[in-house]
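Protein chains in written order, with the working numbering: chain A, 999 to 1315; chain B, 66 to 295.
Don't take every hint at face value.
[As the list claims (entries may be wrong)] Cross-link-like lysine to aspartate or glutamate pairs, in silico, EDC-like; alpha carbons within 20 angstroms at most:
id, chain 1, residue 1, chain 2, residue 2
1, B, 264, A, 1096
2, B, 264, A, 1100
3, B, 97, A, 1297
4, B, 157, A, 1210
5, A, 1122, B, 191
6, A, 1130, A, 1267
7, A, 1268, A, 1294
8, B, 157, A, 1212
9, A, 1249, A, 1229
10, A, 1310, A, 1289
11, B, 118, A, 1100
12, B, 103, B, 141
13, B, 213, B, 225
14, A, 1122, B, 232
15, A, 1130, B, 87
16, A, 1226, A, 1267
[Stated by the list, open to error] With the C-beta cut set under 8 angstroms, the calculated list includes, among others, these residues of chain B facing chain A:
id, residue
17, 92
18, 112
19, 115
20, 125
21, 126
22, 133
23, 141
24, 142
25, 143
26, 148
27, 164
28, 196
29, 210
Simulated from the structure, these hints should not be mistaken for lab results.
We put the beta carbon where it would ideally sit given N, CA and C, even for glycine.
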Amino acid sequence: MLFVPCCRIFETPNFPFMASSSPTHLSLSLDPSSSSSSTSLLNLQTQRTIFGSKDFEKTHLRIPVSFRKKAVNLQMMASEKTPGLTQEATVDREDNTDVFDDMKQRFLAFKKHKYMDNLEHFKKLADAQAPKFLVIACADSRVCPSAILGFQPGDAFTVRNIANLVPSYESGPTETKAALEFSVNTLNVENILIIGHSRCGGIQALMSMQGEGDSRSFIHNWVKVGKKAKESTKAVASNLHFDHQCQHCEKASINHSLERLLGYPWIEEKVRKGSLSLHGGYYDFINCTFEKWTVDYGESRGKKEGSGIAVKNRSVW
Amino acid sequence: MSTESYDELEEHKSNKSSDAVERIQSGFIHFKTHKYLKKPSLYNALAKSQNPKFLVFACSDSRVSPAHIVNFQPGEAFEIRNIANMVPLFDKTQHSGTGAAMEYPITKLNVENILVIGHSRCGGIEALMSIEDDAAPNKSIFIEDWVKIGTAAKNRIKQEFGDLSFEEQCTLCEKEAVNVTLANLLSYPFVRERVEKGKLALRGAHYDFVNGTFELWELDVKTTTAFTFS
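Starting from the given sequences, assemble the full structure and let the hints guide the process.
Printed below as a string of structure tokens:
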């Protein structure tokens, strides 16, 4: 069953999300009191149930005129443009149709050159994935692990967040932890690779922060996870130029995240038994080098509490 | 355990680990030779700054890298990958990871499109659909705590399509959860204001690797010509 929602302007779109036992969830009405200035506005009233269990009262979302969903099923679509789409002078961003066409071309190229040529492999993958790696990388558009390390579909369970940070087991935000739990306990990956990189905006934000940062800023609240790396950097490199301090912190942060990984009991157990290896990697896209190292668990255990991890097999490519 | 078998075990462990390392080393050399060094001006420019047009939310699943399925090149897409490609409702007190991951590309990099890609056979959605109401939380505490962001989608599917098989329900939930995420995106002030001004587009997608299809849809917000009443 293909999911093809269809909709027209001012009608409740035929979406499972929108359709329900009560008549409409989305009521659209022209707001007669809108000023004459530039555009007429629609009052979009959303009701509580759309936002599920969270306590969310009626919200007023003023959105310029039409709130319309259109769907494109790319498998069936020929090259004709999506009907009824008009471009207004007020729209600053890239042309809608271009983006749809672009996505379509990209996907069809993937399908033709990769998917169809490896149908057997993809069918097997569809049944189950068995990646050997959990990769934790930065969300930066320049450091996609598939691109720089050549991971193919099925190779690497990938988490991407700002500054490739791993919060500690006891505290901190849970998004990354859920992925750790799934990949290590359910998929039984054999390797965890944390990849940092040069000119990391997240690390820069961490190094530029005054004290605990602005509590209203999501970025500050998140990069605080890496504050130990900042402290250790300031302790040894405060005389260096800011850029060099940041680079030092980018690498220190990887090691602190690796150390925090060992704080997860089910991760430490597997590392101890030898069924899981922890690696750090640093991609420098200014010089195109990749430095990598592996955590030496035995040696790390010998170290004092809080003095970091020991590494082995360091190399630069 | 005898010394011999201990050494064997150590060697086996080290072999597995070094195989993995060799794997990524050859991957990187290939990238450097065939991509980086072939386009020096592109990569030099990228080294200075990034200007991606897309912010992408995709699942961490090893089978759904956006770089593969829609061939994003370095510099094109700022990419967040988490379990079941979810975005929680705007909340200053928790899930700062996702908030941070949105605040930067939207407010500082000025991306023009947000794309949320769901997919077939999603383990996270399956976990969501498997949570028994009123049951005591089981040992996957982090996973459950995270995927329940999509509870609205699960409730809708269970209510409307309760007669379908669990698998069919999961497929519907995969798509419904993308819509929940798109709606949650609008709860972030910095998203809403840009969407209203037409500077940011919100799109949902579903990659089905069982059948080799890709569905794409958009929340379309536009202005019409103004009517003046006087």
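How the hints compare with the structure:
Between the alpha carbons of residue 264 (chain B) and residue 1096 (chain A) the distance comes to roughly 15 angstroms, so the proposed pair stays at or under 20 angstroms and holds. The hinted pair formed by residue 264 (chain B) and residue 1100 (chain A) meets the criterion: a straight-line CA distance of about 19 angstroms does not exceed 20 angstroms. For the given pair, residue 97 (chain B) sits about 33 angstroms from residue 1297 (chain A) by alpha-carbon distance, which is inconsistent with the 20 angstroms threshold. Proximity of residue 157 (chain B) to residue 1210 (chain A) is assessed by CA-CA distance (about 15 angstroms); at most 20 angstroms being required, the pair is judged to hold.
For the hint linking residue 1122 (chain A) to residue 191 (chain B), the alpha-carbon distance of about 19 angstroms falls within 20 angstroms, and the restraint holds. Annotation: proposed proximity of residue 1130 (chain A) to residue 1267 (chain A) holds, straight-line Cα distance about 18 angstroms (limit 20 angstroms). Straight-line distance between C-alpha atoms of residue 1268 (chain A) and residue 1294 (chain A) comes to about 14 angstroms, which keeps the hinted pair within the 20 angstroms bound. Taking the CA atoms of residue 157 (chain B) and residue 1212 (chain A), the gap is near 12 angstroms; set against the 20 angstroms cutoff, the hint holds.
A threshold of 20 angstroms between alpha carbons decides the hint, and for residue 1249 (chain A) with residue 1229 (chain A) the separation of about 13 angstroms falls inside it, so the pair holds. For the hint linking residue 1310 (chain A) to residue 1289 (chain A), the alpha-carbon distance of about 12 angstroms falls within 20 angstroms, and the restraint holds. At roughly 13 angstroms between alpha-carbon atoms, residue 118 (chain B) and residue 1100 (chain A) fall within 20 angstroms of each other, so this suggested pair holds. The suggested pairing of residue 103 (chain B) with residue 141 (chain B) holds, with an alpha-carbon distance near 18 angstroms, which does not exceed 20 angstroms.
Our distance criterion of 20 angstroms between C-alpha atoms is met by residue 213 (chain B) and residue 225 (chain B), whose separation comes to about 19 angstroms. With a CA separation close to 18 angstroms, the supplied pair residue 1122 (chain A) and residue 232 (chain B) stays within the 20 angstroms bound. For a cut-off of 20 angstroms, the pair hint linking residue 1130 (chain A) to residue 87 (chain B) stands: about 13 angstroms separates their Cα positions. For the proposed pair residue 1226 (chain A) and residue 1267 (chain A), the alpha carbon gap of about 24 angstroms is over 20 angstroms, so the pair is violated.
Hint status for residue 92 (chain B): holds, given a least beta-carbon distance of 3 angstroms to chain A, under 8 angstroms. Restraint check, residue 112 (chain B) versus chain A: the minimum CB separation of about 5 angstroms is within 8 angstroms; hint holds. A distance limit of 8 angstroms between C-beta atoms decides the matter here; for residue 115 (chain B) the minimum to chain A is near 5 angstroms, and the interface restraint holds. Interface restraint check for residue 125 (chain B): the shortest CB-CB distance to chain A comes to about 5 angstroms, inside 8 angstroms, so the restraint holds.
With a cut of 8 angstroms, the hint placing residue 126 (chain B) at the interface with chain A holds, because the nearest CB-to-CB distance is about 7 angstroms. For residue 133 (chain B), the suggested interface contact is upheld, since its CB lies about 6 angstroms from the closest CB of chain A, less than 8 angstroms. With its C-beta approaching chain A no nearer than about 6 angstroms, residue 141 (chain B) sits inside the 8 angstroms limit, and its interface hint holds. Residue-level restraint check for residue 142 (chain B) holds (minimum Cβ-Cβ distance to chain A is 5 angstroms; threshold 8 angstroms).
Because the beta carbon of residue 143 (chain B) sits about 5 angstroms from the nearest beta carbon in chain A, less than 8 angstroms, this interface hint is met. Nearest Cβ of chain A to the Cβ of residue 148 (chain B): about 5 angstroms, under the 8 angstroms cut. The hint holds. With a least beta-carbon distance of about 3 angstroms to chain A, the hint placing residue 164 (chain B) at the interface is held under the 8 angstroms criterion. Annotation: interface hint on residue 196 (chain B) violated; nearest CB of chain A at approximately 12 angstroms, more than 8 angstroms.
The restraint placing residue 210 (chain B) at the interface with chain A holds, with a minimum CB-CB distance near 5 angstroms, inside the 8 angstroms limit.
Of the numbered hints given earlier, the model fails hints 3, 16, 28; all others are met.
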